[in-house]
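Given the structure of chain A, go ahead and fit chains B, C and D onto it with the hints provided.
There are 4 protein chains.
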Amino acid sequence: MVFDRAGNPPPRAGQERPPGCSGFCTVAAAGALTRVGPVGDDFPDWLLQATAGGCWFRLDPRGRGFFGIGLSGRWGGRLLIGEDCEEAETMGKVLILYDSATGNTARMAELVAEGVSEIAGTELRLRDLAAATADDVHWCDGLAVGSPTNMGVLSWKMKRFWDETMGPHWMKVDGKIACAFSSSGGWGGGSEMACLSLLTVLINFGFLVFGVTDYAGKLTTAHYGAIAVRQPREEEVQAACRLLGRRLAEWVALLIDRRDEENPCSKPRRAVE
Amino acid sequence: MVFDRAGNPPPRAGQERPPGCSGFCTVAAAGALTRVGPVGDDFPDWLLQATAGGCWFRLDPRGRGFFGIGLSGRWGGRLLIGEDCEEAETMGKVLILYDSATGNTARMAELVAEGVSEIAGTELRLRDLAAATADDVHWCDGLAVGSPTNMGVLSWKMKRFWDETMGPHWMKVDGKIACAFSSSGGWGGGSEMACLSLLTVLINFGFLVFGVTDYAGKLTTAHYGAIAVRQPREEEVQAACRLLGRRLAEWVALLIDRRDEENPCSKPRRAVE
Amino acid sequence: MVFDRAGNPPPRAGQERPPGCSGFCTVAAAGALTRVGPVGDDFPDWLLQATAGGCWFRLDPRGRGFFGIGLSGRWGGRLLIGEDCEEAETMGKVLILYDSATGNTARMAELVAEGVSEIAGTELRLRDLAAATADDVHWCDGLAVGSPTNMGVLSWKMKRFWDETMGPHWMKVDGKIACAFSSSGGWGGGSEMACLSLLTVLINFGFLVFGVTDYAGKLTTAHYGAIAVRQPREEEVQAACRLLGRRLAEWVALLIDRRDEENPCSKPRRAVE
Amino acid sequence: MVFDRAGNPPPRAGQERPPGCSGFCTVAAAGALTRVGPVGDDFPDWLLQATAGGCWFRLDPRGRGFFGIGLSGRWGGRLLIGEDCEEAETMGKVLILYDSATGNTARMAELVAEGVSEIAGTELRLRDLAAATADDVHWCDGLAVGSPTNMGVLSWKMKRFWDETMGPHWMKVDGKIACAFSSSGGWGGGSEMACLSLLTVLINFGFLVFGVTDYAGKLTTAHYGAIAVRQPREEEVQAACRLLGRRLAEWVALLIDRRDEENPCSKPRRAVE
Chain A
1 MVFDRAGNPP
11 PRAGQERPPG
21 CSGFCTVAAA
31 GALTRVGPVG
41 DDFPDWLLQA
51 TAGGCWFRLD
61 PRGRGFFGIG
71 LSGRWGGRLL
81 IGEDCEEAET
91 MGKVLILYDS
101 ATGNTARMAE
111 LVAEGVSEIA
121 GTELRLRDLA
131 AATADDVHWC
141 DGLAVGSPTN
151 MGVLSWKMKR
161 FWDETMGPHW
171 MKVDGKIACA
181 FSSSGGWGGG
191 SEMACLSLLT
201 VLINFGFLVF
211 GVTDYAGKLT
221 TAHYGAIAVR
231 QPREEEVQAA
241 CRLLGRRLAE
251 WVALLIDRRD
261 EENPCSKPRR
271 AVE
Chain B
1 MVFDRAGNPP
11 PRAGQERPPG
21 CSGFCTVAAA
31 GALTRVGPVG
41 DDFPDWLLQA
51 TAGGCWFRLD
61 PRGRGFFGIG
71 LSGRWGGRLL
81 IGEDCEEAET
91 MGKVLILYDS
101 ATGNTARMAE
111 LVAEGVSEIA
121 GTELRLRDLA
131 AATADDVHWC
141 DGLAVGSPTN
151 MGVLSWKMKR
161 FWDETMGPHW
171 MKVDGKIACA
181 FSSSGGWGGG
191 SEMACLSLLT
201 VLINFGFLVF
211 GVTDYAGKLT
221 TAHYGAIAVR
231 QPREEEVQAA
241 CRLLGRRLAE
251 WVALLIDRRD
261 EENPCSKPRR
271 AVE
Chain C
1 MVFDRAGNPP
11 PRAGQERPPG
21 CSGFCTVAAA
31 GALTRVGPVG
41 DDFPDWLLQA
51 TAGGCWFRLD
61 PRGRGFFGIG
71 LSGRWGGRLL
81 IGEDCEEAET
91 MGKVLILYDS
101 ATGNTARMAE
111 LVAEGVSEIA
121 GTELRLRDLA
131 AATADDVHWC
141 DGLAVGSPTN
151 MGVLSWKMKR
161 FWDETMGPHW
171 MKVDGKIACA
181 FSSSGGWGGG
191 SEMACLSLLT
201 VLINFGFLVF
211 GVTDYAGKLT
221 TAHYGAIAVR
231 QPREEEVQAA
241 CRLLGRRLAE
251 WVALLIDRRD
261 EENPCSKPRR
271 AVE
Chain D
1 MVFDRAGNPP
11 PRAGQERPPG
21 CSGFCTVAAA
31 GALTRVGPVG
41 DDFPDWLLQA
51 TAGGCWFRLD
61 PRGRGFFGIG
71 LSGRWGGRLL
81 IGEDCEEAET
91 MGKVLILYDS
101 ATGNTARMAE
111 LVAEGVSEIA
121 GTELRLRDLA
131 AATADDVHWC
141 DGLAVGSPTN
151 MGVLSWKMKR
161 FWDETMGPHW
171 MKVDGKIACA
181 FSSSGGWGGG
191 SEMACLSLLT
201 VLINFGFLVF
211 GVTDYAGKLT
221 TAHYGAIAVR
231 QPREEEVQAA
241 CRLLGRRLAE
251 WVALLIDRRD
261 EENPCSKPRR
271 AVE
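Chains as they are written, first to last, in the working numbering: chain A, 1 to 273; chain B, 1 to 273; chain C, 1 to 273; chain D, 1 to 273.
It is possible that part of the hints are untrue.
[What the hints assert, rightly or not] One-sided excerpt, in silico: chain B residues whose CB lies under 8 Å from chain A:
| # | residue |
| --- | --- |
| 1 | PRO168 |
| 2 | TRP170 |
| 3 | ILE177 |
| 4 | ILE203 |
| 5 | VAL209 |
| 6 | LYS218 |
| 7 | LEU219 |
| 8 | HIS223 |
[Unchecked claim] Heads up, simulated DSS-like pairs for lysine-lysine below, C-alpha to C-alpha not over 27 Å straight-line:
| # | chain 1 | residue 1 | chain 2 | residue 2 |
| --- | --- | --- | --- | --- |
| 9 | C | LYS267 | B | LYS157 |
| 10 | B | LYS267 | A | LYS267 |
| 11 | B | LYS218 | D | LYS218 |
| 12 | D | LYS172 | C | LYS267 |
| 13 | D | LYS172 | C | LYS172 |
| 14 | B | LYS218 | B | LYS267 |
| 15 | A | LYS218 | C | LYS218 |
| 16 | B | LYS267 | B | LYS93 |
| 17 | B | LYS157 | A | LYS172 |
| 18 | C | LYS218 | B | LYS157 |
| 19 | B | LYS93 | B | LYS157 |
| 20 | D | LYS267 | A | LYS157 |
| 21 | A | LYS218 | A | LYS267 |
| 22 | D | LYS172 | C | LYS218 |
| 23 | C | LYS172 | C | LYS157 |
| 24 | D | LYS157 | D | LYS172 |
| 25 | B | LYS218 | A | LYS172 |
| 26 | A | LYS157 | A | LYS172 |
| 27 | C | LYS172 | C | LYS218 |
| 28 | B | LYS172 | A | LYS267 |
| 29 | B | LYS93 | B | LYS172 |
| 30 | D | LYS218 | A | LYS157 |
| 31 | B | LYS172 | C | LYS157 |
| 32 | A | LYS172 | D | LYS157 |
| 33 | B | LYS172 | A | LYS218 |
| 34 | D | LYS218 | D | LYS267 |
Because the hints were derived from the structure by calculation, they are not lab data.
By construction, the Cβ of each residue, glycine as well, lies at the ideal position given by its N, Cα and C atoms.
So that you can see chain A by itself, here it is in the shape it has in the complex:
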């Protein structure tokens, strides 16, 4: 347990939020502390409101993410230490990786990104396939992968990325949370099949894949990923893209960052009517 510089005791969850803090961060394991590197003077003034098992956090003013009290983050690597206290980064890292020939899947990716952003404390990389590297996949905790529906299957370029770029990293990236999205030329044109092929690749890499049970509107959902016909123009289709991104960020927050408050099962959701 750490105290602030003034020696104040840490808050407890449910207590009032300390000034400058934007939320309460659950923290996993004290034991992981030994894996943390020192941060030095970067955070001399950090608000040291900590409590056993968690901490209050605030945004890093330099835009490098969220930081928290130094109890631990999972896998330790993101844990940063201040002068008088420890801070743990707890931000879930989400990659949205897409290939797009016409801009339709790219537009879906933006909408998925909007959904991811609804969950505070999530760091996002939105990557066109042409700019993506294996490091992006290593970096992320969860990923949404989008491709145009080409002959009912992911595009050959997206496949090449996983075959060639990621092939040497197979067995080294297991355990991420993953989902899919795709735009096809027509309803019934294979977009769910293309999502299936993406999920097939993602499962092969040891990822845990999911679809969304909730409805994004009266007649639209994303049970096997978000789908669109050409440009995602319809409000419900856009909502389904956002819902997919939001759910991805929620699973990452809950399962990887261990933030119980983001468990989607505890939130209101829209069922089929």
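Relative to the frame of chain A, chains B, C and D by itself:
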């Protein structure tokens, strides 16, 4: 941070295990305490053997589950306190649900169960479909579902379970970790396709599904679930079943129970040769 | 080559239709004659209106099907002769088999049936699952199978039909032409996945399965079967159902009944725009 | 009806085979004759054993395929006419198209080719992807497509072929008979899933896809295509490859070339034991 009655400092992970405790439990959020049901006089002495971010635990001698220090377990509700020492629920709950016409899939289920048991701190229910209830699914944190390969798809009885028994529980069981296994009449006989149909159902329920990247032997793996031809007699096939169960328990331990030490990515694994 | 009783030469395709005949039937193999069951006295006058490689036909007035000249129909068994004129069975037999809980898939089935009916010379059985028998499957040359999308997979009742009712007939019905259709609760709700599970079952039975390349409207097709959200109300969705049925009847006409004129590749079709 | 130059009457099926002829060819429609172009003196000595609805045929000694009596071939275009008689080409054209990184899938392709060759009267092209063109696909009546199992899906190179090379030919090649095969790194390694992705592409192109019901050995079949683990060394795996090729040639012979005698349903087959 809490201290024991004698004022002893809490153990740290890696320290010696206190008497009566069976393991170290990582704990998520102090804040979750408020979600814990009233404990009342049952646990007057609970402030013991704790450490920030976790606690040592032991089995509840009253058989009511695992109990832990009042930091929190996930979803809080299971948190209870023992007499002299605190126990946190850490047990991952794994359901193995199978339908079997000839006994072959039942035999696979036993092997999967053996794999689950390799991960300490995992509670297991092995359920023949005929005896399974919706409560079994609600209960579990992760599940492996097995079916004979019937016409390349899960058996109609297994499908009926998810359509009829579980249908009313749809949207109420999201977020579990799930995988599949199946026995067919021959190599090339559709066992992977049957696993795919199982995964399709499981994704529909909002579960996060996975396959195993590792090899169980020189020529056998379980990338989309464990498969067998008829009776799982071959050593490698048996190993693949165990591997699937073990991986399921590992993901549950890591992602649901937040036991970093069970992260399979940190363990030696067998790659393709 | 055979001549009529009066010694008239046979008609050629393109010639005027003989009285009492309703169409020109292409006939496959004279050699197949030997496989035809004994006709006996029922058809004493059968050597009429024939031409090498085909014959004029008419409906059997006794309601026993189509009858034709003694050249042969495929598999011979259906060859029968009328009184004054020979008739060859040319009718493709199409089964539409559906399960429907809410009436939505049943409505799709009707639309598929409308499409089948667009191809003259196709006999149709529209069967609710509750009334279907193994004989229906044996009877047909091609079949469209529809199911509600239940958890992304065909309904358990439809699966039970193929597991239990058809199981004993496996290996006895190979070579039929087959396709799928399904209604789900929402776009993105798994209807293509359900079609995939239907196709998986149909492939297992040795059928040749297909989807439709053509577009049924500006934004709708049926690449893996026809899909609908709930009631198929939208004009394009209805058109896709009809298109699927029509294509099924066309493939049956071309591939099974060997009616070149029904080759869909020779007809105008609507491509993606 | 045509006669040979010596004025001999045509044989009937079931009659003895005329000298120089290797089989009996069923012919579809006299009416199609009008679509046939003249061949002139190319085949002056052709054996003119014809009968209504079919003809005896022999191999073209110049290696240009099979030729038969001039009643008709389907789609007419292959029909060639001799001086005194007509000859129809009736040969089924089968393409085996494969991508192979290690030689394993290439070896499977050879075995599939062996199976194709078991059905007399089938013309075969065995094409490595690197040498394949869109013309190969246009040319064939049926095709078997093989790919290594890469991340559970066809290889990116094979996908590129269908996306890029064949994309412009979409809607122009419907109606071919197609199947799949794949070699993976291990049992349970996704080879059926890779076949599924191949079938998904093939269905998208309007092909009719199939698997084999028969068993190739006691414990091996090819319900969704032929699969192998690495090099197809096991006798049963090799038999399954051959069985797939044979079945492809049989369906092409029956459905496209209308040779009833090649209907696999009329032949002895090996069921599951």
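Hints that the structure is at odds with (numbers, increasing): Of the numbered hints given earlier, those the structure breaks are 1, 6, 7, 9, 10, 13, 17, 18, 20, 27, 30, listed in rising order.
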